[in-house]
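The hints should help you fit chain B onto chain A, whose structure is shown.
Protein sequence lines, in the order shown, are assigned to chains A and B. Sequential numbering of the first sequence, starting at 1, is according to our numbering. Sequential numbering of the second sequence, starting at 1, is according to our numbering.
Source of the hints: derived by calculation from the structure; they are not laboratory data. The structure presented is a predicted model; accordingly, all values stated were derived computationally and were not measured. Don't take each hint at face value.
Where chains are identical, the list cannot tell them apart; a pair therefore holds if satisfied intra-copy or between any two copies.
Stated by the list, open to error - In silico SDA-like cross-links for lysine to any residue, where the CA-CA straight-line distance does not exceed 20 Å:
(1) 222 - 200
(2) 146 - 235
(3) 146 - 68
(4) 11 - 140
(5) 146 - 177
(6) 146 - 170
2 protein chains.
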Amino acid sequence: MEIVREVDALKARRATWPGPVGLVPTMGYLHEGHVELVRRARAENATVVVSIFVNPTQFGPSEDYGRYPRAFERDCAMLEAAGTDAVFSPAPAAMYPETFSSWVVVEGVTSRLEGASRPGHFRGVATVCNKLFNIVNPTRAYFGQKDAQQVAVIQRMVRDLNMNLDIVVVPTVREADGLAMSSRNSYLSAEHRAAAPVLYRALTVARAMRREGRDANAIRLKMAEVVRAEPLAVLDYVSIVNPSTFEETESLNGPSLAVLAVRFGATRLIDNMRLDE
Amino acid sequence: MEIVREVDALKARRATWPGPVGLVPTMGYLHEGHVELVRRARAENATVVVSIFVNPTQFGPSEDYGRYPRAFERDCAMLEAAGTDAVFSPAPAAMYPETFSSWVVVEGVTSRLEGASRPGHFRGVATVCNKLFNIVNPTRAYFGQKDAQQVAVIQRMVRDLNMNLDIVVVPTVREADGLAMSSRNSYLSAEHRAAAPVLYRALTVARAMRREGRDANAIRLKMAEVVRAEPLAVLDYVSIVNPSTFEETESLNGPSLAVLAVRFGATRLIDNMRLDE
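Just chain A, same shape as in the assembly (with noise of 0.2 Å):
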């Protein structure tokens, strides 16, 4: 498994990589989910590169860029093992040079729920997208579902700028308890991990509610609720949308997605999960 931390490094290797290539975008401290994302991208691919970037532009001023967790020798022992033939991992100023000023701006599904919690965060989140994948321009890039709107994001982007490859988007991840994995699980404490998959427990039953025919009003109220039912929870948002759009629904007849965001202590952790399926 090669180490490449330069962008001209990068283009210079990828001509030489046998087709079709895989790419896997992270922000490091692997977890299970990733590895999923790893595993499949090994499936499809000749070649598979994984980037390893904490990504500044995506973190608002009070958020936790400085803090985000870091264990790089860690994550490329995982990559290793699970068949990554390249990491790539850049310095900051190497994607973002003093000069830098242009973005990549998504309007309309990034305007609700985590467009609205964390302004400027998928401004962020599509312009390093773009980057990458101008830069290592895979065949296929790998996202998991458990990030929903991102992942809307980026296929709109894809979409609306002609780019040249395929969204692959992998089935969430979850801990024996239903906790989605993810990076930010580490900040948790015993107590808060403890409460944790209530995020679950309301997604759960929203599904049931769906499959009983109950309206998506019904369901809403339902899983703020069950949030609400868990002391140490403190519930941000609770939303059912299309999963295209993100954009509130009524009717549950079409592609329905449930989403929320809770609250412990300072950590905000967030999962979603389709009730049409």
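Positioned in the frame of chain A, the structure of chain B alone reads:
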């Protein structure tokens, strides 16, 4: 010469063309300036693609999108004579379907002059060029020096987003009296056409003053004086800028570009000249 209307068809054809591929993006109603771009592309590439697309997103609501001149048959005849291999001319709805909501925004270099006079203009230019670069995947794209700020915006975007092509800038082609070739020259009345070379006169005076060692402020004042001496001309702006950043420059020791915009009735013309060459 083949004519391609659909995005997917262009991508499919692209896969069959020998490289390197040169792209000349245009809005049609071609003149000798465009033909010069095609000649340069022809000399440097195995395949030459010209796009003809009057891009609605770079026109302001009060601008001339609807009445922008169009002459597709004549354009194709000129392009075939100049050795073009393929023309890409998509419908507006093919480039901007109803769900379209992603934009490339270049800050800094767009804040003054054309960017200030035409809000949203460079967002539209950057976005459509980003799309065309992804669709055509050219080795090189050719732009005229006449639209100097546009060139700076595109170069900034390509660098910031790590796009995989070279931007080639081709010197401005002028009429015998110095007027820079522009599709908008066709709007000029006979009287305005006779007055229009005042832009070139102001620029040549600026260059002569630079060679005499005069300072930037004296040159700006003199350029404005030259334009105001023409009764049919209304000065929009005159500026001496760093050609990469488009910030006003006081020092004439480094790269410097004199730029101006002048109105003749409803028609607005721009031109520029390097002072340090």
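Against the structure, the hints:
1. 222 - 200: within (13 Å within a copy, 71 Å between copies)
2. 146 - 235: within (18 Å within a copy, 56 Å between copies)
3. 146 - 68: within (18 Å within a copy, 47 Å between copies)
4. 11 - 140: both (16 Å within a copy, 17 Å between copies)
5. 146 - 177: within (16 Å within a copy, 64 Å between copies)
6. 146 - 170: Cα proximity of residue 146 and residue 170: one copy only (9 Å, versus 48 Å across).
Checked against the numbered hints given earlier, this structure breaks none of them.
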